[in-house]
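Student: Protein chains in written order, with the numbering used here: chain A, 1 to 299; chain B, 1001 to 1705.
No lab work stands behind these hints: they were computed from the structure. This one's a predicted model, so the numbers in the text were calculated from it and none came from an experiment. Among the hints, erroneous ones may be present.
Here are the simulated BS3-like cross-link-like pairs (lysine-lysine), alpha carbons at most 25 Å apart as the crow flies [stated by the list, open to error]:
#1 B:K1691 <-> B:K1536
#2 B:K1536 <-> A:K76
#3 B:K1466 <-> B:K1581
#4 B:K1466 <-> B:K1536
#5 B:K1059 <-> B:K1045
#6 A:K83 <-> B:K1384
#7 A:K76 <-> B:K1059
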Amino acid sequence: MTKHKSSRNRYGLLIFLWVLGLGSLFTMLLYGTDIRLLNPRGVIADDQFKLIVFSTIVLLLIAVPTLFFLYFFAWKYRESNHKAAYEPDRRHGRFFIFSLWAIPCVFMVVLASVMWGSTHKLDPRKSIASGNKALKVQVIALRWKWLFVYPEQGIATINFVQAPVNTPVEFDLTADEAPMSSFWIPHWGGQLYAMTGHTNRLNLMPTTKEDSEGSSAEINGTGFAGMKFAARASSQEDFDNWVRHVKQSPDALDSTAYQQLLQPSENNKPQVYSAAEPNLYDTVLSKYMGPQQHHTEHE
Amino acid sequence: MKEFLIGKLSLESLPHEWFTLGGTVFFGLLTVAVIVLLTVTKRWKWLWKEWLTSVDPKKIGIMYFIVAGFMLIARGGLEALMMWLQQALGASNMPGALGATHGYLSADHFQQIFTAHGNIMVFFVAMGFIFGLINYIVPLQIGARDLASPFLNTLGFWLYVAGVVMVNMFFVFGGQYAATGWLAVAPLSGTQFSPGVGMDYWIWSLQISGVGTTLGAINFIMTILKMRAPGMTLWKMPAFTWGSLCSMIMAVTVFPLLTATIFLVFFDRYFGTHFFTTTLGGDPMMYTNLIWMWGHPEVYILVLPAYGVFSEIVSTFSRKPLASYTSNILGMIGVSLFALSVWLHHFFTMGAGADVNAFFGVMTMCIAIPTTVLVFTWIATMYKGRIRFTTPMLWFLGFIAVFTLGGITGVMLAIPPADFQFHNSLFLVAHFHSNVIGGVLFGVFAGISYWFPKIAGFRLNERIGKYAFWCWMIGFSLSFIPMYILGLMGATRRLDTYDASTGWQPFYVLMLIGGIIIAIGVALQIVQIIASVIEKKRLRDITGDPWDGRSLEWATASPPAPYNFTTIPQAATRDTFWEMKKQSLPKVAYEDIRMPKNTASGIYISIFAFLLGFGFVWHISWLIVVSMVGILACIITRTFNDHTESTIPAAEVERLEIARREKLQHEHNVSADKPTHLDMDADMGLREFIKIAVVWAWNVVRHKQ
């Protein structure tokens, strides 16, 4: 009997050591790295981060006691423990059955009510309140690169987007001759899909002057892993300088240049265009609106 | 002429890359080995009569296990290791090999692997195992001798096999599988972006096996509803049967939807329709909706029987009835009802409004309620029980740890704004692997080790089984906890290469190490089975009830006679057998037993179904016509066959029963001086196993000389 007991204690110790070892290994490996979701650099990312933390805490409140009781009972009512009670015909009372259902219900009501509010508050299409006027950026997912058009500035870029800090950015997302792609800058906030013939509005607002990475989160073909872009948040002054600089670029995004972009290509370097066709985004959208469009034109 | 004969097939379709050559050689050698073995041992007739054409759900169940286990090791598991190896080597500062820029797989090849991994693990491993368990155990648990429609069941199995063959066919012809992700999202799966035959193999392997699932599920609903032992009302059914019933009802509800959706994809690709294309009014978002309306319930179709398995195991090994049986069953029913109304949480990020997203978020959280109730009933069952730590119980305890992790993260993913950050990241991938591995796979392993004595007549080696369990747990924590962390670091799923400066590589390496440990665990599970066969005399279960069981499957012999029960039991209470054991045994009166006859129709129909799919993949019109006619002819012939049953006369039953008892008696006498069959400390360990294996190999070599 004593032999059994010591071996069980050894199990507990081994599991404890394993958890401890894994924990310290991960901490060591994480040192100096950027845990993007826990390191928000924008208002939306920050709210989403808080939501993640809140829900984790609430869920741990129910999960930890559950696991504790489960493993404690497993240990306490082990067959070799003759001191523990054994009631093979135990019937459970109404209170027990009530709490069986009530406990998870209470937790889910708490979470669901927070969720309902935050889903509306953090609706991606909702404009972000700010003293600064929002910057409009039109995003077209191509195979396999991101085209950013700044309609107000009249410039366009490939795989690079810059915005001034503390200014809301209104991303309009669509795609052209590309499968569904997902536009995601983890540091700034959550993702939204870019789809042909469909426009999605994503409002984000960077708050830290830093370069972040964005990518396509949804699988969309062979160039998927390389469909990355840099998202730079700078001061308003730097942003204006950058726009002026881009305006001097020799390349312009005319229809020839755009046709070139429609050709599939992988791992594209950032590129800038001094001018963009003003209606490019709408043209791309209406390209997929189907024959009805033609019909009205003929009339 | 050439195009008429072989469609789009050409010399280029034959294998010429390392992985297609490897696959072809492997499957070729395997086929040759099987043929040689069968011929040498003169077992062709035996195989055909005893197994392939059998309609006995017990035999079909075992065949499901064999096919699913084979697919787990030869395809799904291997692919997981291949992906982890690629990702461990895939940092941007690593040199590439075999023509890849980074790592050793090209982007396209990597994408084919994760697509195949998902399809195979869900359709051909998890579904196969679950159907195997249901086939073997449900008829026994409800005290039935056979199924409501044995023919539908065998047809379902053989269509599943046809799907398995189809999903491996690309090695030999075509050299490519779909590279679209396991659900083939539109418009990526259309001809514009995926012109190759890979997508067509996807369509037909899923289509054929999907139809098989629907047919099998119809049979089990009928069986459970109509063929229960007298006295067994619905509220007296064992939990596993309940889980299976819920699962099968859901399968019948949603699998036709999958079939219809795949047909629409097929129309788009073959006839140029525009259901899911980007042009001419097609709507890819419609596809996303339809596929997830099937896809979400599908995971519950897999996990509900596993919940049932755990309910049985906790109750048996705590030597207590399930605490609040009603809550437990209502929990499973609740899960299956809610599961039908949560599909949109797979694409909160597609741009639905806040109201729609929030509604589906609430529905998703609702699922957490019955699931938590299930966990609570298991805890309450253990309370004041007498718990034995056998391997099935260990799988249960491991399941709870892993599943809780998956459950917590699942609820986090149900919060739309949080999901915007988690979606398509490795956090999501880690979440559903926690649920599918922890819930489904652990459930299957628990179920197999729990019912193995029933199936084989001897129990499994406990010691090596425990080693395997710990390998799985350690491997799981090493491969999936880093995956959660990577998700938090912003790593999207399905990346074959990534920037070295992200600091992700060490975690990908840990995942690979974890994967290798899991592979060792799988190897140990095979060793466990071999070691148990070696020791089977000592592990023999003579009573038919090795665990002191509670439900009817333990009331009959191990392994059961073809007709399961000599006399149909009366089910007076919930834990029928537990109560029966307290009373004296009734006198046996033998009776004539009518049993379904073997049939090969299912095999013929499935061969034609496979050829039909193959004809469509390669656009071979004559083959398509021939196979369609073949399927119809087989079905019509079968319907006109009135002699589908035969009678075993009472005298024959008596003879069989007496012979069986005498055999048991004999074995009992032989093993009387040995330790009892539940003495688990005496089970062979790894060292002894290796010693025996080495001695055996040495003897073989010496014998040859």
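Student: Would you mind marking each hint as holding or not holding in the structure?
Tutor: These are the hints, each one checked on the structure:
| no. | hint | verdict |
| --- | --- | --- |
| 1 | B:K1691 <-> B:K1536 | holds (17 Å) |
| 2 | B:K1536 <-> A:K76 | violated (33 Å) |
| 3 | B:K1466 <-> B:K1581 | violated (30 Å) |
| 4 | B:K1466 <-> B:K1536 | holds (18 Å) |
| 5 | B:K1059 <-> B:K1045 | holds (16 Å) |
| 6 | A:K83 <-> B:K1384 | holds (11 Å) |
| 7 | A:K76 <-> B:K1059 | violated (40 Å) |
Checked against the numbered hints above, the structure violates hints 2, 3 and 7; every other hint is satisfied.
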